[in-house]
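K.L.:
Here's the letter readout for the chains.
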Amino acid sequence: MTDESSKKPNQSQSTGMNRRAVLAGGTALTASLFMPKNLMAADYPTAEVNTTGLAVTDDTVTIGILHSITGTMAISETGSVQAEKLAIDQINAQGGILGRKIEYIQEDGASDWPTFAEKAKKLLVNDKVASVMGCWTSASRKAVLPVFEQYNGFLYYPTFYEGLEQSPNVIYTGQEATQQIIAGLDWVSETKGAKTFYLLGSDYIWPRTSNKIARKHIENFLGAKVVGEEYYPLGHTQFNSVINKIRLKKPDVIYAIVVGGSNVAFYKQLKAAGIDMTKEDPIVLTISVTEDEIRGIGGENIEGAYACMKYFQSLTNENNMEFVKSFKEMWGDDMVIGDVTQAAYLGPWLWKAAVEKAGSFDVDKVRAATPGIELGTAPEGYVKVHDNHHLWSKTRVGLAKADGQYDVVYETAELVEPDPFPEGYQ
Amino acid sequence: MKTNTLFPRADIIGFAVLAVVIFLLLPAVLDSFRLNLFGKYLTYAFVAVGLALCWGAGGILSLGQGVFFGLGGYCMAMFLKLEASTPENTAIQSTPGIPDFMDWNQLTALPWWWEPFYSLPFTILAVVMVPVVFAFVIGVAMFKRRVGGVYFAIITQAFAAILTILIIGQQGFTGGVNGITDLRTLWGWDIRTDEAKEILYYVNGVLLFAVLFAAQFVRKSKLGRLLIAMRDQEDRVRFSGYDVASFKIFIFCLGAAFAGIGGAMFTLQVGFMSPTLVGIVPSIEMVIFCAVGGRLSILGAVYGALVVNWAKTTFSESFPELWLLGLGGLFIAVVMLFPNGLAGIWSEQIAPRLTKLISKNTNPATGQGAPAE
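Top to bottom, those sequences are chains A and B.
In terms of UniProt numbering, the first sequence opens at residue 1 and continues consecutively.
In terms of UniProt numbering, the second sequence opens at residue 1 and continues consecutively.
Pulled out of the complex, with its shape left as it was, chain A reads as follows:
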């Protein structure tokens, strides 16, 4: 049952001063926890690891996968489903969790928020799944949130999002807004000397909240100027008027948070209007285009733009090389892996680590064990779960290339602390 008080953020975690405090030397503590341990089911009797009637047997544990595989969001969410299935397969190949193989029940949210709520309830109430990997859009998460809180489910949510939320029943494996925005703005200000910014985005909660944070940071911390801020309805495809305005105002940076089909029109029209992004006049910096979106936009149309993410497919660390290889083996050579896909891949692994630390599948015990969980095997590198249920992650800037991949040109030296309720940015 929902505990009202536990929904409030842990204020002590996020004072303004240590907002971007970082975890010193964290990377040294990696891996060892996640080597295969060959835990035997016999050591963990079902009656002890499952006291709340979840779908756990002597040799299996069932979880849910809840994404849209039909409808407009299917193209975005498919990568997450694939990554989650890959992680589950790999965990099972290592012997599963507490000696139990993971089985999954997949449900289709059908890009429809009431359907997400219905399926979430079905997974929790009927199927008694021990955890759920799922959702993509904020709208779908908002729709299932009351269900997870009411029935005490446990959701791993992969998408970078606007923050302003911290549920005891959700682990956010993507970045909240400040993690994605601030380091990128610092970078463009320091290395490119950017002084003027033009903010634009699709008109819904994530771009608006993100631009609000960006504006505060630009004006209050960088001492630079926002020369324009505009929003367009989802699916909007006519950007010529804003492109003309941009040419008049001559900003140093176009900060673009355009999503979905609008992306294709925006970058094509930008190019057609003679703005050559490779010349960096102005610089285009986005937080909404991953490798997945470039497949739709076309690499040649976005070449030269910068994206600020925590993960790029082109990362050269060993974890990632292995991950990319396995992903392509399972799902085909022509697959690309974007930021959210990688975050989705972390879900089952983080859950496994938490369950093993708790020695139980009970949601309350897993929740209690989750803060502090580290994952040295993450493709993005080392990550750690914060008390506020978000991940400590690095922020990276990538330069888009014509082949649809990003060159990583910058990454933060340390992990960036997640701060879903950033003070001074409200």
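These are calculated hints, taken from the structure and not from any lab test.
It is possible that some hints are incorrect.
[What the hints assert, rightly or not] Derived pair list, reagent style DSSO-like, types lysine-lysine, alpha-carbon separation capped at 27 angstroms:
# : chain 1 : residue 1 : chain 2 : residue 2
1 : A       : LYS245    : A       : LYS192
2 : B       : LYS312    : A       : LYS128
3 : A       : LYS245    : A       : LYS279
4 : B       : LYS220    : A       : LYS85
5 : A       : LYS101    : A       : LYS357
6 : A       : LYS195    : A       : LYS250
[As the list claims (entries may be wrong)] Listing some non-contacts, in silico: residues in chain B with all C-beta distances to chain A over 12 angstroms:
#  : residue
7  : ILE12
8  : PHE15
9  : LEU24
10 : LEU25
11 : VAL130
12 : ILE155
13 : GLY175
14 : ARG238
15 : VAL307
16 : PHE338
All values derive from a computational prediction rather than experimental measurement.
C-beta atoms are modelled at their ideal positions from N, C-alpha and C, and glycine is treated no differently.
For this one, chain A is given, so just place chain B on it according to the hints.
P.N.:
Below, chain B alone, put in the same frame as chain A:
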């Protein structure tokens, strides 16, 4: 009007069977989760019944019933959201006491037109009246100018698109794409518990029957016969001295009122409202419920809503990757093989044989919605 003409024997049986299904059979065989799902399906039945009147009887095809469903639903959601947004619950916001999405959108005070929704009586009135007033405006604008048929259908569809865009665009006031979520209590009564869901299911069922009786009354009254006459030969009715437009406006408003009630019950049972229930796709889906059930029959419409949604849930649970194909196949099959839908199967195939079986002397129980010329 005598009672025996308001309720011919076949209709009494039909109503009784539906009552048994809704109030006895479904609660007996379904667990609380599935019952809540059927409760949700039944909220669509309100819309389908309205469509059976407008489209089946009156020949007015509206592809924008989601608008009225949504308006009713949003009215209820606004009330519930205000109740959930107490200053204590929203203490973490910049402005405590206003709904969370307003705070995210930098609003610092409740918009004036949200204020009345603190009152439950006002909300209940608004659930019915907002859709009705909106339908009245559309109706006057369209029917007085004799816009009908395909053009009317297209325009209603445009209204569905417009309202969706409006809701998404004005997210500070409406919750945008996310909709109005995290609704908790109705006058302090927690609507999220299993017990509450069960009670709401029965309330929903009772309201549906009230709507069905109203629809039956309209169908069997002089108005109902005029509607059918208008559908088949509008000009003749007009030349006979009837004000065709007023009848159409009335029936369109009635359908909107039904849809609004359905929307409010949806919000109560599902716990949120979002623009995905307002737009073109749900509006067309609602027409499909009505078509599958048999657009001439108000009871058929209820079964149509139940069967299609049940199929949707079952298919998508069993075949998450292929279910849309299965559902599409079902629609094609029904339209090709049984143009009068489930009600047609009943009245053309099953009922005559049953009657023949039972007694040769009674009149066959056909004639539901047969052209009255």
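K.L.:
Next step is simple, just say for each hint if it's right about the structure.
P.N.:
Against the structure, the hints come out as follows:
no. : hint                   : result
1   : A:LYS245 with A:LYS192 : holds, 22 angstroms
2   : B:LYS312 with A:LYS128 : holds, 22 angstroms
3   : A:LYS245 with A:LYS279 : holds, 19 angstroms
4   : B:LYS220 with A:LYS85  : violated, 57 angstroms
5   : A:LYS101 with A:LYS357 : holds, 17 angstroms
6   : A:LYS195 with A:LYS250 : holds, 11 angstroms
7   : ILE12                  : holds, 35 angstroms
8   : PHE15                  : holds, 29 angstroms
9   : LEU24                  : holds, 23 angstroms
10  : LEU25                  : holds, 20 angstroms
11  : VAL130                 : holds, 21 angstroms
12  : ILE155                 : holds, 21 angstroms
13  : GLY175                 : violated, 9 angstroms
14  : ARG238                 : holds, 42 angstroms
15  : VAL307                 : holds, 17 angstroms
16  : PHE338                 : holds, 26 angstroms
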